[in-house]
Amino acid sequence: MNINFQTIAGNKKADDSFRTGMESDERIGMSAGKVSAASSSAFAVDLDTSIFSNDAYAQRARSLDDISKMAENTDVLTQHNYMALLSNTMSEKDYAKALEDGFDIKNLNSSETVTILDKIKSVLLESGEEIIGYNDDLSTQKLAKITGSESFAMAIKKSFSENDIPITQENIRAVAGAYDQVSNISEPSDDAIKYMVLNNLRPTIGNLYFANHSTNGQSATGKGFYAQETGGYYAQKAEDYNWQQLEPQMDKVIEEAGLDTADESSKQNAKWMVIQGIPLTAENLISLSEIRNVDFPISDEAAANAMAAAISDGKKAFEGNLFDPTSNLEKAMKLVENTGKITDEAIKKTLTQGKDVNLKNLIDITNGQESSKNLFVVNEISENDPKLIQARLQLEEVRLKMTVEANKNLLDSGFSVDTAPMEQLIDKLKEMLGNIASASNDKNADTTPVVAGGNVVRMLSLTVSRVNIISRGPADVSGALAGEFETATLSKISSVSENLAMKFKAAGQGYEIMMTKPRSDLGDSMRKAFGNVDNILNDMGYETDEVNRRAVRILGYNSMEINEENFENVRAWDQKLKATIERLKPGAVLDLIREGKNPLNMTIEELSESLDNLMKDGENKNGGNSKKGEEKYAKFLYKLEKKGDITSAEKASFIGIYRLFHTLKVTDHQAIGSILKTGRDMTIGNLLDATRTQKTSRRGLDYTVDDSFGGLGVKESTSVKIDEQINSAFRFYSAQADIVYENLEPEKLMAAKPDNNTLLPDLANALLQEQIDEQLEKEYCEEQVRQIRQTAGNKGAEAALNEMNFYGVEVTYNNLEAMIANRRDRRTGNIWEKADELDNEEINDELKEVTDLLGEENYEEIYKEKLANVSDKMTDILMNPEDTYIDFRAITLMQKQMSVMSHNSERGSFEVPIEIDGSKVTMHITLKSDNSNISRMEASVQTFEYGLITASLYKQDGVINGMLTTTNSQSADEVEYLESLKKRMCEKLTEKVEEAGVDQTKIAILYNAQLQPTGVGTSANAMEGKTENITDTGTLLKMAKAFVEAI
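With the working numbering applied, the sequence shown covers 453 to 1499.
The set of hints was computed from the structure by calculation and includes no laboratory data.
Bear in mind that the values here come from a model prediction, so they are computed numbers and not experimental data.
Simulated DEER-style distance windows between Cβ atoms:
{"#": "1", "residue 1": "ASP1141", "residue 2": "GLY993", "range": "22 to 28 Å"}
{"#": "2", "residue 1": "PRO1333", "residue 2": "GLN1422", "range": "52 to 58 Å"}
{"#": "3", "residue 1": "GLU1309", "residue 2": "PRO1333", "range": "39 to 45 Å"}
{"#": "4", "residue 1": "MET606", "residue 2": "THR804", "range": "45 to 51 Å"}
{"#": "5", "residue 1": "LYS1205", "residue 2": "MET606", "range": "44 to 50 Å"}
{"#": "6", "residue 1": "GLU1367", "residue 2": "VAL1411", "range": "29 to 35 Å"}
{"#": "7", "residue 1": "ALA1181", "residue 2": "ASP1207", "range": "21 to 27 Å"}
{"#": "8", "residue 1": "GLY600", "residue 2": "LYS839", "range": "55 to 61 Å"}
{"#": "9", "residue 1": "ASP1141", "residue 2": "ARG1279", "range": "45 to 51 Å"}
{"#": "10", "residue 1": "ILE1014", "residue 2": "GLU1317", "range": "51 to 57 Å"}
Just so you know, even glycine gets a beta-carbon here, dropped at the ideal spot from N, CA and C.
All chains should be modelled from the sequences, with the hints used to inform the complete structure.
Right, here's the structure in full:
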C-alpha cells in the first residue's frame, strides 16, 4: 500500500517515471567525470377524513424548509461528524497514518480533522488492502455472544473492516441493538409502506421497524380518481381508473424519478400509489421503489453492511439504509471514478434522448444502463451545437473540481451529487473548494499569499507535490544549487530537480535519488565509478562514512572541483536539504500555512527555522496549546516505559539525550556554534557540556546559566541571528541534529547505544539505519485512540462544546479535553491541587498572585501573563529522568487548561483559585451582558456544605444590585450562612468599589437556584449594551474580589 504525499494532499498518484542511479551504470560512469429529483408534475391527492386518513400518517413529516435549514447548517454538521469520528469511526490505523504524515489529530480543528481522516480512510479503502491488526480486540465468539448470532458477528466484523471502522464496545452495543430490531422486522404491509412514503421515510432499519409496529392491524387505503379536465388527482371516490389515459402522466413521473418506463414494476408502483391515494410525485415514487427493492427477510450480511455504512457516516447503527448500504465515503469515491469514465458518446446520447444532463444519466449511459424505451432520438445534435459544447465544458469543470472529500461533504449535507443539474453541482463544488483554480495549472503559486479557505487546500496540495518532486528527484540538485541555496525557494529547488530528472529520463540515464538512506551495499557499479572516494576523503582528512561519500559523488555528478570548500558547502546543503524535506510532512506543511506562511516561496533555512519555531510557540489565537513536540515526547515516554528490557540507567540516559536534542532545537542549535568556536569534536558529551552553559532565551529575556548563576540579569536581546553565524560546518551539524531528533525512538537508541564519545554524524547515521518497533507503535496508537474515545464519550463533552462555541474557543481535541477538565475543576478544584503537588515555589507564587491581584488595573493582562508563566515553569519540570507517561499527560493537560483559560479571559471569563476550608477550589467569574443591556459580574464557587454559591452583581443608578444564590434548599444553617456572607460581601464592596453605593436591601438571596448552560440569555462581552448601562471591567472585577474575600 502506497500512501504518500500526493494521496494525502488530494492529488492523483504521480507517475513514478524516475530511474535510480543505483541501477544505471551509464549514468554513474559519466558522472564520475440528491438535490431531490424535483418533480414539476406533482399530482396532489387529498385524503378522506376517516380515522385512517393520511393525516394520521403524515403528522411526523418535516417540511422541506426545515430540512433545507438543517442541511445548510454546515458548522453543526461538521461538529456532529467530528464527535462521531472521535467516538466511533476513527480507527487506530487512521490515527497511526495521520501521525506518520505529521498530523497532530489532537490539535487539528474539527473541520481539518474530518477532512484529513476522510482522506486517509479513502486512501486506505482505495488500496484494497485488508485492514488488520487494529480490530482484533473482540473475537468472533465474543461478538456472537454480544449480538446473539455468530453469522451476524462474522458479517459485522467483515463490514467494519471494509469500512475502516474500529470494533469498539460502543459500536458493538449499537449494532447489537440495531440487530435486535432487524430480528423483529418482517416484510412491510401496504399500510406500513404507505406510512413510510407519505412521511418520506427511507428504508432504514429504524424506519422499517417503526412502520411495522406503528401500523400493525390498520387499514389506510384512500381512493382517488383522475379528472381529465383539470389534469390532477383529487380526494374523490372512484371505483375504476382509466389507466390508458393515465399512462402518459405516469410515464412522465417515472422518467422524472430516473426510473425505466419500460420496467413493469415502476408502472405497477405508480398504479398502486394512485389506488392508495398517495400523491404521485417523483420523490414518492423513488421512496416506494426503494422500499419494495429491499429483500426480506433481511440477511445478516445486508444488515451488517447497512449498519457499518451508517456508522461510517456518523449516524446511528439503526439508521442504516437497507436499500443502499453504502457509506457516503464509498459513494464519493465511486463518483470520482465513474465521472472520469464518462464518454463523449454518453453526452451526445443524453442530449439526443432529451434527458437531463446530470452525472447519473451520463454514468448510466456510459455503463450501458439507460432505459431501453429511451434509446430513440428526440433531438438531433451536431458537433457544433451549443448544448453539446456546454455539456462537454461542464463535465470537464466537474472533473477538475471534483474530489473525494468534496463529494463526501456534499453527500453528508444531503446534496444529491449524481442527480443535481450540472450548473448547480459546479457551483457547489466551487463553494466547497473555495472556487480555486486547478493546482496543477497554477504558475504563480510560489508568490501567492496564504488566505483562509480553499487557498489553504491549494497551497497544501502544491507544497507536498513539490516536496515529493524533490524527494524522488536527483541528488545532483544539492550540487547544482550549492551556490544559490541561501536564496533559492522551495519552488525553485523543485523546478531545478524536476528539470534534471526530465533531462536524465530523456537521455535514458539513471540517477541517485535525493531521499535515499545511507547504504553500505552500494553495488559494483557504484564502487567502480567512485572507487577512489575513500582515498579522496582520507587525503582531505574526513571520515569515510556514507554522508561524506555522498557529498563527493554529488561533486562528481556536477563536475565540480573536489576541494575542501566545495566539499563542505555541498555536504552541508545536501544534509540540510534532506533533513528539511524529511520534516516537511503534510501535517507540518499545514501548520506553516495556518501561520500565514507560503512554504513555496521560503528558502530551506527559513523552512527549517519555521519548523523549529512550531515547537517553541505554545498558543494559538483561538485558545489551546499547539507545541509540536508534546506528542513526540509523549510517544517517546510511552514506548520507554512499555519496552521492558530498558534499565533505569538507560531510561535516564535516553531522556537526557532527548532533552539535549530538544534543547538544541529550541535554542537554535547554539551549543553547536559554541563547540565549533572552540574546535572541539562534535560529540554527545561535548554537546551536553555546551548546553549547560549556553544562553537560553524565553519570552524575550536572555539569561546565562553557569557556575556563578545567582538570578536573572535581564538585558536587551543580543542573541546573534542564525543567518549571521551560519557557516558550512554549522549548517551541516545542525542538519545532523535535526536528523537525530526526527529519529529519536527508545528502540533505535537501544540499538545505536550512544555514549558521550559518539560523534553527532555517527549517531544520525546509526538512528537512520534502525527500524521502529511496529508493535510499540501500534500499542501507542491504540492508547491514544482509547483516550480520545473516552474524552469524546464523556457525559460533559456536549456542555463543554457549547461553552467552547460560546467563548470562541477553536474546536480541537486538546481544547475539548481541557474545557471538560476546566468545567469539572469548577466543582473539584483539581487543577490547583495538582499544581500544589508539583511542589514548585515559583508556580505557587504565580497562582497566588492570580487571586491576590484580582481587581487591580489591567487584570486581564496580568491574568494571562501569570498563567503563561505557570505553564512555562511546568515545561521546565518536564523531561527529567523521573518522568512517567502519566506525569507528562497530567502536566500537559494542566497547560492546555490554562491556555483555554487565558483565551476565555479575553471574553470575560476567569477561573480563579481560592481556598475554602483548607482546600483549593475554582471560582468561575464571568463578565457579561443580559437582555436588559446591563453589564454584570457573576462569580460561582462550589462548596461542600452550602452547594454552588453564585454572586450576580451589577451597578444601576450608582448603586450595586444583585443576588446571592445557592443550589441548596432553604434551611436554618443555609439562611444563617448566606446572610452573614451577604453582610461580609457588602462590607468588602463598600471598601473596594468606591464609585458605587452599597445597600444590602438591593441584594437578594435565592435558594434552590437552577443551573443554566453557559451563554443562556447572555453575551460574553461585558462591554456590550447601551452606553449608559456599561460598567467598566475594572469595577466588575473589584466586585468579584469582594466576593472572593467575603467567602
